[in-house]
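J.: Residues per chain, in single letters:
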Amino acid sequence: QSALTQPPSASGSPGQSVTISCTGTSSDVGGFNYVSWYQQHPGKAPKLMIYEVSKRPSGVPDRFSGSKSGNTASLTVSGLQAEDEADYYCSSYAGRNNFKVFGGGTRLTVL
Amino acid sequence: EVQLVQSGAEVKKPGESLKISCKGSGYSFTTYWIAWVRQMPGKGLECMGIIYPGDSEIRYGPSFQGQVTISADKSISTAYLRWSSLKASDTAMYYCARHTDDYGAPFDYWGQGTLVTVSS
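Sequences listed follow chains A and B, in order. Under my numbering, the first residue of the first sequence carries the number 1, and numbering increases by one thereafter. Under my numbering, the first residue of the second sequence carries the number 1, and numbering increases by one thereafter.
Any given hint could be a false lead.
Claimed, not checked - DSSO-like cross-link-like pairs, simulated, lysine-lysine; straight-line CA separation at most 27 angstroms:
#, chain 1, residue 1, chain 2, residue 2
1, B, K12, B, K43
2, B, K43, B, K13
3, B, K13, B, K74
4, B, K74, B, K19
5, B, K87, A, K44
6, B, K19, A, K47
7, B, K23, B, K13
8, A, K44, B, K12
9, A, K47, B, K43
10, A, K55, A, K68
11, B, K12, B, K23
12, B, K19, B, K43
13, B, K87, A, K68
14, B, K43, B, K23
15, B, K74, B, K43
16, B, K87, B, K13
17, B, K74, B, K23
18, B, K43, A, K68
19, B, K19, A, K68
20, B, K23, B, K87
21, B, K13, A, K44
22, A, K47, A, K68
23, A, K55, A, K44
24, A, K47, B, K23
25, A, K44, B, K23
26, A, K47, B, K13
27, B, K87, B, K19
What the hints assert, rightly or not - Facing chain A, according to a computed beta carbon distance under 10 angstroms, are these residues of chain B, among others:
#, residue
28, G15
29, Q39
30, K43
31, E46
32, I50
33, Y95
34, A97
35, A105
36, G111
37, Q112
38, G113
Hint data in this document are derived by calculation from the structure and do not stem from the laboratory. Just so it is clear, CB atoms sit at the ideal spot from N, CA and C, and this is done for glycine as well.
Use the sequences and the hints to build the structure in full.
T.: Shown next as C-alpha cells:
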C-alpha cells in the first residue's frame, strides 16, 4: 500500500481539464511544500512535471499546474491532449527517515 | 546534456547476487544525490534509498534497510545497487534518479531503468 493515496484512474476528452488528487498526512504532504508530480508513459522512465507543489520545470507545458490544500495536493491538466495519456505519480518529502514517499499512481485516459 | 545511463537487463536465480549501475554524465556527479527507485510489475514507485557521491553518505528507506546495498564510485561517476541474495520478489524495474538535496528536491533526471528478473 502506497503512502500517498491517488485515484487509480481519471479521464477526460481532448480539450477538457482533469484534476488528479493526492492525499497524505501532516507528516508528508501537509507538512512540507515539497510535492512533486511525475508523468510516466508505458515502458518509459518517469518525467518530472511539477515540483514544490506548483512549479514547472523548463519545457513542461503550462497546461500542467499543481496546488495543495492541507494534506491533499492536486495536479490539473488543462486542454487535454492525446499525448497526456499516461500514469501520473505524486511524491512528497516525508522527513529524514522516510525521505520521499509516492502515491500509487493514476492512469489518465484521454477519451 | 545531463544523462543517467543504467546497466542492462538481468535475469537471475533466487539466492544469486547482483550489482546494477547508474553512470552520470553532463553534470558534477559529486554534488548531486542519486536515488534508487523500485517499480514492481504493474505497481507504483518506491524510493529505496539515496546516496551523495561526494562523501558517500547513504540513507535507506525503511522497507529496504538491510535488503540492498547502495554505493558509488565518484572516480567513474557511477552509483550502484547491490543484492547479496536475490528473491523472486525483487523482480522489478529499478531506476536511478538525480536530485539536488536530501530534503525536498525533486528527481529531475532519471535513468532509463534496469529490469531485474529473478526466477528459478
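J.: Confirm or reject each hint.
T.: For each hint, the structure was consulted:
1. K12/B x K43/B: Holds, at roughly 21 angstroms.
2. K43/B x K13/B: holds, 22 angstroms
3. K13/B x K74/B: violated, 30 angstroms
4. K74/B x K19/B: With a Cα-Cα distance of about 16 angstroms, the restraint between K74/B and K19/B holds, given a limit of 27 angstroms.
5. K87/B x K44/A: Roughly 25 angstroms separates the two Cα atoms, so the pair holds.
6. K19/B x K47/A: holds, 25 angstroms
7. K23/B x K13/B: holds, 25 angstroms
8. K44/A x K12/B: Measuring from Cα to Cα gives roughly 23 angstroms; hence the hint holds.
9. K47/A x K43/B: holds, 17 angstroms
10. K55/A x K68/A: holds, 12 angstroms
11. K12/B x K23/B: At roughly 22 angstroms apart (the allowed maximum being 27 angstroms), K23/B and K12/B satisfy the hint.
12. K19/B x K43/B: At roughly 23 angstroms apart (the allowed maximum being 27 angstroms), K43/B and K19/B satisfy the hint.
13. K87/B x K68/A: Violated: K87/B and K68/A sit about 39 angstroms apart, past 27 angstroms.
14. K43/B x K23/B: Measuring from Cα to Cα gives roughly 25 angstroms; hence the hint holds.
15. K74/B x K43/B: violated, 32 angstroms
16. K87/B x K13/B: Holds - the C-alpha atoms of K13/B and K87/B are around 8 angstroms apart, at most 27 angstroms.
17. K74/B x K23/B: holds, 10 angstroms
18. K43/B x K68/A: Holds. K43/B to K68/A sits at ~25 angstroms (cutoff 27 angstroms).
19. K19/B x K68/A: Roughly 39 angstroms between the alpha carbons, so the hint for K19/B and K68/A is violated.
20. K23/B x K87/B: Judged against 27 angstroms, a Cα distance of about 25 angstroms means the pair holds.
21. K13/B x K44/A: holds, 26 angstroms
22. K47/A x K68/A: Roughly 20 angstroms between the alpha carbons, so the hint for K47/A and K68/A holds.
23. K55/A x K44/A: Measuring from Cα to Cα gives roughly 23 angstroms; hence the hint holds.
24. K47/A x K23/B: Holds, because 18 angstroms separates the two Cα atoms, which is no more than 27 angstroms.
25. K44/A x K23/B: holds, 18 angstroms
26. K47/A x K13/B: Distance ~32 angstroms between K47/A and K13/B Cα, so the pair is violated.
27. K87/B x K19/B: Measuring from Cα to Cα gives roughly 14 angstroms; hence the hint holds.
28. G15: violated, 28 angstroms
29. Q39: holds, 9 angstroms
30. K43: holds, 8 angstroms
31. E46: With a closest approach of 7 angstroms, the E46/B hint holds.
32. I50: Check passed: Cβ of I50/B comes within 6 angstroms of chain A, closer than 10 angstroms.
33. Y95: Given a least distance of 6 angstroms, the restraint on Y95/B holds.
34. A97: holds, 8 angstroms
35. A105: holds, 8 angstroms
36. G111: Holds. Min distance 7 angstroms.
37. Q112: Q112/B check passes; min Cβ-Cβ to chain A is 6 angstroms, inside 10 angstroms.
38. G113: At about 6 angstroms, which falls below the 10 angstroms cut-off, the nearest Cβ of chain A leaves the hint on G113/B intact, so it holds.
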